[in-house]
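K.L.:
First to last, the protein sequences are chains A and B. Going by the working numbering, the first sequence opens with residue 1, and the numbers climb by one from there. Going by the working numbering, the second sequence opens with residue 1, and the numbers climb by one from there.
Take the hints with a grain of salt, since some may be wrong.
Here are the simulated lysine-lysine pairs, BS3-like style, with alpha carbons at most 30 Å apart [said to hold, decoys possible]:
no., chain 1, residue 1, chain 2, residue 2
1, B, K126, B, K100
2, B, K146, A, K9
3, B, K292, B, K101
4, A, K125, B, K101
5, B, K146, B, K8
6, A, K146, A, K9
7, B, K101, B, K255
8, B, K146, B, K9
9, A, K8, A, K146
10, A, K8, B, K255
11, B, K100, A, K100
12, A, K8, B, K292
13, B, K292, A, K101
14, B, K101, A, K146
15, A, K100, B, K9
16, B, K255, B, K9
On the chain B side, residues computed to face chain A include the following (Cβ under 8 Å) [as the list claims (entries may be wrong)]:
no., residue
17, L12
18, A226
19, F308
Chain B stretches covered by chain A per the calculated footprint, using a threshold of three residues with CB under 8 Å from any CB of chain A [to be verified]:
no., stretch
20, 87-97
21, 115-122
In case anyone wonders, no lab produced these hints; they're calculated from the structure. Ideal Cβ placement from N, Cα and C applies to all residues, glycine included.
Protein chains: 2
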Amino acid sequence: MMERQKQKKGPLEGVRVLDLTRALAGPYGSLILGDLGAEVIKIETPQEVAMEFGSRTPLDPRYSYGGEDVYFLSVNRNKKSLTLNLKVPQARQVFYELTKKSDVVFDNFRPDVMEGLGVDYESLKKVNPRIICCSLTGFGPSGPYKDRPAFDLIIQALSGGISITGDPDSSSPPVRAGIAVADLAGGMFAAHGIMAALYSRERTGEGQKVDVSLLDGQISMLGYVAAYYLVSGVIQGRIGTRHQNNPVYGALKTKDGYVAICAHRGPFWRNLCRAMNREELINDPRFDTDMKRHQNADEIWDLLGEIFATRTTLEWLGRLLERDVPCAPINAVDAALNDPQVLHSNMIVTLKRPEGGEIRLVGNPIKMSGTTQQPYGYPVKLGQNTEEILQGILGYSRQQIEELRRNQAIG
Amino acid sequence: MMERQKQKKGPLEGVRVLDLTRALAGPYGSLILGDLGAEVIKIETPQEVAMEFGSRTPLDPRYSYGGEDVYFLSVNRNKKSLTLNLKVPQARQVFYELTKKSDVVFDNFRPDVMEGLGVDYESLKKVNPRIICCSLTGFGPSGPYKDRPAFDLIIQALSGGISITGDPDSSSPPVRAGIAVADLAGGMFAAHGIMAALYSRERTGEGQKVDVSLLDGQISMLGYVAAYYLVSGVIQGRIGTRHQNNPVYGALKTKDGYVAICAHRGPFWRNLCRAMNREELINDPRFDTDMKRHQNADEIWDLLGEIFATRTTLEWLGRLLERDVPCAPINAVDAALNDPQVLHSNMIVTLKRPEGGEIRLVGNPIKMSGTTQQPYGYPVKLGQNTEEILQGILGYSRQQIEELRRNQAIG
Numbered sequence: 001m002m003e004r005q006k007q008k009k010g011p012l013e014g015v016r017v018l019d020l021t022r023a024l025a026g027p028y029g030s031l032i033l034g035d036l037g038a039e040v041i042k043i044e045t046p047q048e049v050a051m052e053f054g055s056r057t058p059l060d061p062r063y064s065y066g067g068e069d070v071y072f073l074s075v076n077r078n079k080k081s082l083t084l085n086l087k088v089p090q091a092r093q094v095f096y097e098l099t100k101k102s103d104v105v106f107d108n109f110r111p112d113v114m115e116g117l118g119v120d121y122e123s124l125k126k127v128n129p130r131i132i133c134c135s136l137t138g139f140g141p142s143g144p145y146k147d148r149p150a151f152d153l154i155i156q157a158l159s160g161g162i163s164i165t166g167d168p169d170s171s172s173p174p175v176r177a178g179i180a181v182a183d184l185a186g187g188m189f190a191a192h193g194i195m196a197a198l199y200s201r202e203r204t205g206e207g208q209k210v211d212v213s214l215l216d217g218q219i220s221m222l223g224y225v226a227a228y229y230l231v232s233g234v235i236q237g238r239i240g241t242r243h244q245n246n247p248v249y250g251a252l253k254t255k256d257g258y259v260a261i262c263a264h265r266g267p268f269w270r271n272l273c274r275a276m277n278r279e280e281l282i283n284d285p286r287f288d289t290d291m292k293r294h295q296n297a298d299e300i301w302d303l304l305g306e307i308f309a310t311r312t313t314l315e316w317l318g319r320l321l322e323r324d325v326p327c328a329p330i331n332a333v334d335a336a337l338n339d340p341q342v343l344h345s346n347m348i349v350t351l352k353r354p355e356g357g358e359i360r361l362v363g364n365p366i367k368m369s370g371t372t373q374q375p376y377g378y379p380v381k382l383g384q385n386t387e388e389i390l391q392g393i394l395g396y397s398r399q400q401i402e403e404l405r406r407n408q409a410i411g
Numbered sequence: 001m002m003e004r005q006k007q008k009k010g011p012l013e014g015v016r017v018l019d020l021t022r023a024l025a026g027p028y029g030s031l032i033l034g035d036l037g038a039e040v041i042k043i044e045t046p047q048e049v050a051m052e053f054g055s056r057t058p059l060d061p062r063y064s065y066g067g068e069d070v071y072f073l074s075v076n077r078n079k080k081s082l083t084l085n086l087k088v089p090q091a092r093q094v095f096y097e098l099t100k101k102s103d104v105v106f107d108n109f110r111p112d113v114m115e116g117l118g119v120d121y122e123s124l125k126k127v128n129p130r131i132i133c134c135s136l137t138g139f140g141p142s143g144p145y146k147d148r149p150a151f152d153l154i155i156q157a158l159s160g161g162i163s164i165t166g167d168p169d170s171s172s173p174p175v176r177a178g179i180a181v182a183d184l185a186g187g188m189f190a191a192h193g194i195m196a197a198l199y200s201r202e203r204t205g206e207g208q209k210v211d212v213s214l215l216d217g218q219i220s221m222l223g224y225v226a227a228y229y230l231v232s233g234v235i236q237g238r239i240g241t242r243h244q245n246n247p248v249y250g251a252l253k254t255k256d257g258y259v260a261i262c263a264h265r266g267p268f269w270r271n272l273c274r275a276m277n278r279e280e281l282i283n284d285p286r287f288d289t290d291m292k293r294h295q296n297a298d299e300i301w302d303l304l305g306e307i308f309a310t311r312t313t314l315e316w317l318g319r320l321l322e323r324d325v326p327c328a329p330i331n332a333v334d335a336a337l338n339d340p341q342v343l344h345s346n347m348i349v350t351l352k353r354p355e356g357g358e359i360r361l362v363g364n365p366i367k368m369s370g371t372t373q374q375p376y377g378y379p380v381k382l383g384q385n386t387e388e389i390l391q392g393i394l395g396y397s398r399q400q401i402e403e404l405r406r407n408q409a410i411g
């Protein structure tokens with residue numbers, strides 16, 4: 001849809017996405033597309049019927065801003081909002097007409113919902129053969145679990161991710177990755193599929209269907225851990241902060257906290273020995289090759305534990321950084337978000353609310369030399385762009401819009 | 001480079017990537033591009049000087065196959081291998097000539113290394129203005145930490161991810177996400193940037209530079225957790241399996257293990273009450289709205305704990321699935337990889353080794369209707385495609401290749 005290009009907002013400038021996704025996984029995928037310049041039209045039901053997870057209505061007043069849920073705001077900036085009740089036939093007609101003027105339809109319903117609404121890929125490609133449809137589901141479009149509901153935790157549990165996370169020396173309950181990795185990675189893989197299909201369409205002229213499941217995404221990210229099991233039959237358990245195949249990797253207790261180090265390779269190991277004032281360890285026959293350090297991993301780790309207990313975290317960070325040893329403090333969320341490198345990289349952005357006030361959120365991690373990152377748009381209100389879209393893109397008259405509203409096709 | 005298209009291998013068919021990345025983050029990004037049909041040429045130094053992390057040489061015989069490290073094999077299938085010692089001037093010339101015939105140059109060195117080798121974006125765009133260069137670094141091309149070394153754990157620690165992972169009721173050591181989320185997400189964001197630049201180039205004719213850092217990636221994935229802090233000042237700590245804004249979410253202890261549930265929304269909550277044979281809870285005035293369940297989250301969780309302790313995990317899964325309550329067992333790696341849905345989705349793939357034998361690895365989570373996933377190529381040996389690439393792509397004679405070898409430009 002090149003004719004829509006006016007100013008260069010990003011590499012996906014001119015790409016229009018009809019975004020039916022909810023909660024976290026899908027909206028994170030469309031957030032990535034929007035940050036790269038796509039026009040994302042979030043399609044919402046006219047009234048939020050329930051206070052569903054990830055909806056606009058706040059549950060907790062602490063995590064509310066301007067009457068809306070911060071969880072929702074965090075993942076829905078830079079998007080337009082169109083209300084459309086797809087269960088009403090007139091709304092479906094509006095959707096078909098928008099499909100003709102769009103590039104991507106993105107949903108994260110369970111399978112068959114799109115078909116039930118008459119807006120599945122088979123129906124939409126008749127309307128626009130160039131349309132790219134991406135369905136992000138819990139388990140994929142077929143198979144034994146296809147109709148099951150899924151959330152991040154369910155996928156972290158099923159995929160084995162939880163089983164390798166946590167303290168190996170403890171019988172404490174299972175723990176998940178603190179970040180919602182299954183949801184977020186699902187959105188990221190969906191964005192890959194959509195962009196690959198867009199690129200392909202430039203050459204073939206045809207759209208296609210992309211299917212991504214949260215479960216497949218986490219199995220992919222199990223990567224080398226999966227491969228270790230598939231080749232050896234050895235089942236990795238909870239890993240703490242350490243690494244199955246890496247003897248000098250983990251968080252060590254200091255006088256007043258912890259410091260994370262990764263000093264496995266020869267040069268890093270030697271730098272570590274110097275930073276500890278223990279140069280004699282460099283030639284210690286127990287540790288003088290990568291292989292021997294691997295074979296004597298427990299011995300080395302115990303020794304490092306003794307040495308690190310003698311100084312504070314800050315002292316260690318100073319010594320380690322000076323010697324180019326990979327290291328870090330275990331930052332709490334506030335320390336991480338106020339970190340000078342994070343601020344330098346413009347990862348904390350301020351969005352002005354049109355009614356006054358402002359909100360801070362995290363920014364786009366993908367930096368492109370061809371465009372300057374545009375200011376991020378404040379998350380719009382429910383249905384804020386409904387008339388603008390119906391008039392501007394579809395050329396509807398005020399009368400037609402009124403009729404749609406009377407039929408409860410729009411809000 | 002459309003003229004290279006012969007058979008439809010995937011949406012990125014015809015895209016040639018010069019892949020200088022090592023270890024995990026970069027190679028996972030180029031794995032995604034390769035699975036989508038790009039031709040990935042892995043450029044390696046002629047001899048592996050050290051047994052560096054992520055190299056071909058195995059540290060642990062259990063995680064070795066055909067004399068190579070399974071960690072390496074897991075992330076380097078479907079790629080070609082060209083040896084090139086970029087410190088030798090003749091090798092640099094080869095690289096420039098390859099750049100003329102390629103679409104993407106992808107590296108994960110520290111900043112300035114590419115410049116030192118004369119293969120940074122500013123140099124390469126003079127050779128080919130259409131080239132897209134992507135640098136995946138720990139901390140970005142500038143800023144206070146730009147020269148620091150980074151590994152997955154370092155980024156999980158700095159970004160706050162570790163601080164929200166783990167058992168909140170325990171003073172046990174910090175734990176990381178078991179999957180290497182910082183590395184893998186970094187590779188994924190890099191793949192986004194590369195594909196967005198490829199799409200953009202179809203319209204502008206120009207390449208560009210893409211910069212992604214592991215740290216920015218994890219700050220992005222901190223998402224709503226970051227937003228909660230930035231708006232409220234409340235710092236989330238270790239979350240266990242629960243959720244800050246979600247009262248019926250987590251792993252519950254059963255008679256013989258744990259089961260994960262997410263039953264926050266009204267319909268799921270009512271289904272859960274029925275699955276527990278406790279229908280009276282649906283109208284219990286403490287729990288009969290989402291808001292009240294949020295306000296009485298601890299009370300509800302204690303009650304669920306008592307109820308779930310009375311049956312086995314298998315019994316609960318049966319009852320919950322029957323009632324459409326989102327739930328899952330905490331699968332170990334073997335259970336996850338043998339799960340019927342995972343097998344149904346072709347996420348476990350078998351690669352035949354040319355010399356005999358086969359290896360099983362995880363497959364591509366991005367399914368595209370426009371192409372059938374091609375069989376994945378077995379990871380090739382160091383430099384296996386050197387002559388084929390120099391002859392086939394650059395038209396070098398046997399004599400020229402011999403001279404490059406004599407000069408140690410190639411292996």
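K.L.:
Now tell me, hint by hint, if it's right for this structure.
P.N.:
Going through the hints against the structure:
For the proposed pair K126 (chain B) and K100 (chain B), the alpha carbon gap of about 10 Å is at most 30 Å, so the pair holds. For a cut-off of 30 Å, the pair hint linking K146 (chain B) to K9 (chain A) stands: about 27 Å separates their Cα positions. With a C-alpha separation of about 63 Å, the suggested pairing of K292 (chain B) with K101 (chain B) is violated against the 30 Å cut-off. As the CA atoms of K125 (chain A) and K101 (chain B) are separated by approximately 35 Å, the hinted pair breaks the 30 Å bound.
Simply put, K146 (chain B) and K8 (chain B) have alpha-carbon atoms about 41 Å apart, too far for the 30 Å limit, and the pair is violated. For the hint linking K146 (chain A) to K9 (chain A), the alpha-carbon distance of about 38 Å lies beyond 30 Å, and the restraint is violated. At roughly 62 Å between alpha-carbon atoms, K101 (chain B) and K255 (chain B) are farther apart than 30 Å, so this suggested pair is violated. Only pairs whose Cα atoms come within 30 Å are accepted, and K146 (chain B) paired with K9 (chain B) is rejected, the gap being roughly 38 Å.
Only pairs whose Cα atoms come within 30 Å are accepted, and K8 (chain A) paired with K146 (chain A) is rejected, the gap being roughly 41 Å. Simply put, K8 (chain A) and K255 (chain B) have alpha-carbon atoms about 59 Å apart, too far for the 30 Å limit, and the pair is violated. Of the pairs offered as hints, the one joining K100 (chain B) and K100 (chain A) is violated, with about 38 Å between alpha carbons and a cut-off of 30 Å exceeded. Our distance criterion of 30 Å between C-alpha atoms is broken by K8 (chain A) and K292 (chain B), whose separation comes to about 47 Å.
With a C-alpha separation of about 44 Å, the suggested pairing of K292 (chain B) with K101 (chain A) is violated against the 30 Å cut-off. Between K101 (chain B) and K146 (chain A) the alpha-carbon distance is near 44 Å, which puts this suggested pair outside the 30 Å criterion. A C-alpha spacing of about 28 Å is found between K100 (chain A) and K9 (chain B), which places the hinted pair at or below 30 Å, so the restraint holds. Distance hint between K255 (chain B) and K9 (chain B) is unfulfilled; the C-alpha atoms sit about 50 Å from each other, more than 30 Å.
Hint status for L12 (chain B) relative to chain A: holds, with the closest Cβ pair at about 6 Å, below 8 Å. The beta carbon of A226 (chain B) is positioned within 8 Å of a beta carbon in chain A (closest approach about 5 Å), and the interface hint is therefore held. Contact between F308 (chain B) and chain A, as hinted, is not supported at the beta carbon level, the nearest pair being about 12 Å apart and thus beyond 8 Å. Counting residues of the stretch 87-97 of chain B whose beta-carbon sits less than 8 Å from any beta-carbon of chain A gives 0, not enough to reach three: the coverage restraint is violated.
Counting residues of the stretch 115-122 of chain B whose CB lies closer than 8 Å to any CB of chain A gives 1, which falls below the minimum of 3, so the coverage claim is violated.
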